[in-house]
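Going down the list, the protein sequences come from chains A and B. Each residue of the first sequence is one higher than the one before, counting from 1 in the numbering used here. Each residue of the second sequence is one higher than the one before, counting from 1001 in the numbering used here.
Worth flagging that the hints you see were computed from the coordinates, not collected in a lab. By construction, the Cβ of each residue, glycine as well, lies at the ideal position given by its N, Cα and C atoms. Among the clues, some could well be false.
Stated by the list, open to error - Using 27 Å as the maximum straight-line C-alpha spacing, the simulated DSS-like pairs for lysine-lysine come out as follows:
no. : chain 1 : residue 1 : chain 2 : residue 2
1   : A       : K43       : B       : K1135
2   : B       : K1115     : A       : K39
3   : A       : K43       : B       : K1115
4   : B       : K1014     : A       : K277
As the list claims (entries may be wrong) - Derived list of chain B stretches under chain A, where covered just means 3 residues or more per stretch with a C-beta under 8 Å from a C-beta of chain A:
no. : stretch
5   : 1049 to 1060
6   : 1075 to 1089
7   : 1101 to 1107
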Amino acid sequence: MDAFITLILEFAIPTLIVSAIFVAIMMFVLPREVRTIFKRELKSYFTSPIAYVLFVVFLGISNTLSFFFTGVLEAGEADLFMPYFQYLPWYLVLIAPAVGMRLWSEEQRLGTMELVLTMPLAPWHAILGKYLAAAVVLFAMLVLSFPIVWTINYLGDPDNGVIMAGFVATFFVALCFLAVTSVVSAMTRSQLVALLVSVTLCLVLWLGGLPNISELLMNLKGGWLIFWPLLKLINMVGVMPHFSELAKGVLGFRDIIFFLTFIAFCLFATSVAIRLKRA
Amino acid sequence: MIEVENLHKHFGAKVAVDGVSFTVNKGEVLGFLGPNGAGKSTTMRMVTGFLPATEGSVSIGGSDIEEDEIAAKSKIGYLPEAAPLYSDMTVEGFLRFAAEMRGVPASELSAAVDKAIETTFLEPVRHQSVDTLSKGYRHRTCFAQSIIHDPEVLILDEPTDGLDPNQKHEIRQLIRRMGETKAIIFSTHILEEVEAACTRAIIIDRGTVIADGTPDELKAKSSNAGSVRLIAKGLAGSGIEAELEKLPESRSVEVEESNDDGLVARILPAKGRSADLGTAISKLCKDKNLTVEELHVEQGRLDELFREITKTDLED
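Taking the hints into account, I'd like the entire structure generated from these sequences.
Below you can see the structure in the form of structure tokens.
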């Protein structure tokens, strides 16, 4: 019973507040065009089987696998709960592109791009509306991961602040992956190509911040030096260090700025990709 | 309403549209004709702001399509050639989405959707998923989307494609009716459609406008305009065909039937002499003592003009 109350107080209420803020921004801050695109896009996730399949796959992988393979059950302690969050981004490398792959490639395949772009709206309206709809799907996935949180609380007395921080960090990483997918899907009419390329890029993005790469950078010699700029770039945009910082429960301003800048850049790149497609 | 000036579009080295200019005023229906690949769709895509022009400008009701994008686009209703739809929506859901996007106020949304459904005869499939629609219904759903906000400018890329003859007729009537209060451009392959619905037509070939005028003016430009159809009796081997051919006003004679009883033929005019051909023939018949049963001066045909001025394509 205690675990249940904790769940409500420390997770459900903050989630509701965040959702309410989002709805308020949607209703009162963003223009009608963004709202209309967002509504249509979100609805289409749930009128087709995609969202349900992805929910089942994600929750299946994250809850089941984590339960059995990461030793969460035996741990029950917050610091030992960390293994769960260390695995989550790995699943998201696959899941976020699967959620986002249709955003623009479907639009090109159906030819509806021609309709949307001749309607009286700025391209950023459509880009943002679509991105937010996919983001809500990812948000719902993380919210539906609550059984594992409840289990941990039932079994022990973890630091729920750290768990919450883990989810926040995971969500930011998911948003980055989704932003990358948005760019890729604007460049192809094939969802499969969008998925494969995005997964690859997300993997690079996730692993790019590994300490090994920083080390490699310092020890680069001779002819290999021509790869230095590329490696440096990958290392710079690597999300892992920022994820780790946030997940520790340190609400780092720098990390959040990093995530937001990265997402904004990708959405801008999406608009460039769309413009190039038209010309 | 629509002003297009010196529009160019290059795709890499390929020139798709090469200096197209025209204007369409309120109350005009402009037919857009041309062989496949002539640049019709590309021009329409630039007029609607989907494709940026390489050179030239498009202005819709005074708003430039690139500089004042949103104002210009809000005046346009557009039916793309492929009639694209979101396959996961119902007809009504899709039209609601389109109306909302086009800025129809929430209080008038249902009325606008109802009206568009009624105008395009979509009532039977109103709640059906777009996925399951036949081609004709899909096309009309997309057409409904283009008129849902009662735009001042309508741009329709092959609006009757995929419809049966009855539906084609209905849509033509509709275009004609709407043309009284709007500026409309529509492209088509069907020449009779131009005569049925347009107040003006443009023929475009290889990216340039090669003819521009009312359907009657265009027909008069056909080199067969002014042809005479002649049915005459009682020749009995008078060699009338040769005589007809020899007339300075005639270019050639197409004989449909010729025997001792009489002659049925179409006489094509020589260049620049079409006005005198009828008189010359009736004089000849009189001289030869023939009974003229029918002498009819033809207006010229659009399909002939179309073939004459675009046929170079086939010769290359």
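Hints versus structure:
For the given pair, K43(A) sits about 25 Å from K1135(B) by alpha-carbon distance, which is consistent with the 27 Å threshold. In summary, the hint linking K1115(B) to K39(A) is supported, as the alpha carbons are separated by about 23 Å, within the 27 Å threshold. Simply put, K43(A) and K1115(B) have alpha-carbon atoms about 25 Å apart, close enough for the 27 Å limit, and the pair holds. Of the supplied pair hints, the one linking K1014(B) and K277(A) holds, its CA atoms being roughly 16 Å apart against a limit of 27 Å.
With 4 residues having a beta carbon nearer than 8 Å to a beta carbon of chain A, the stretch 1049 to 1060 of chain B meets the requirement of three or more and the stated coverage holds. Given a C-beta distance limit of less than 8 Å, the hint that chain A covers the stretch 1075 to 1089 of chain B holds, as 10 residues qualify and 3 suffice. Counting residues of the stretch 1101 to 1107 of chain B whose beta carbon lies closer than 8 Å to any beta carbon of chain A gives 3, which meets the minimum of three for the stated coverage.
The structure shown violates none of the earlier numbered hints.
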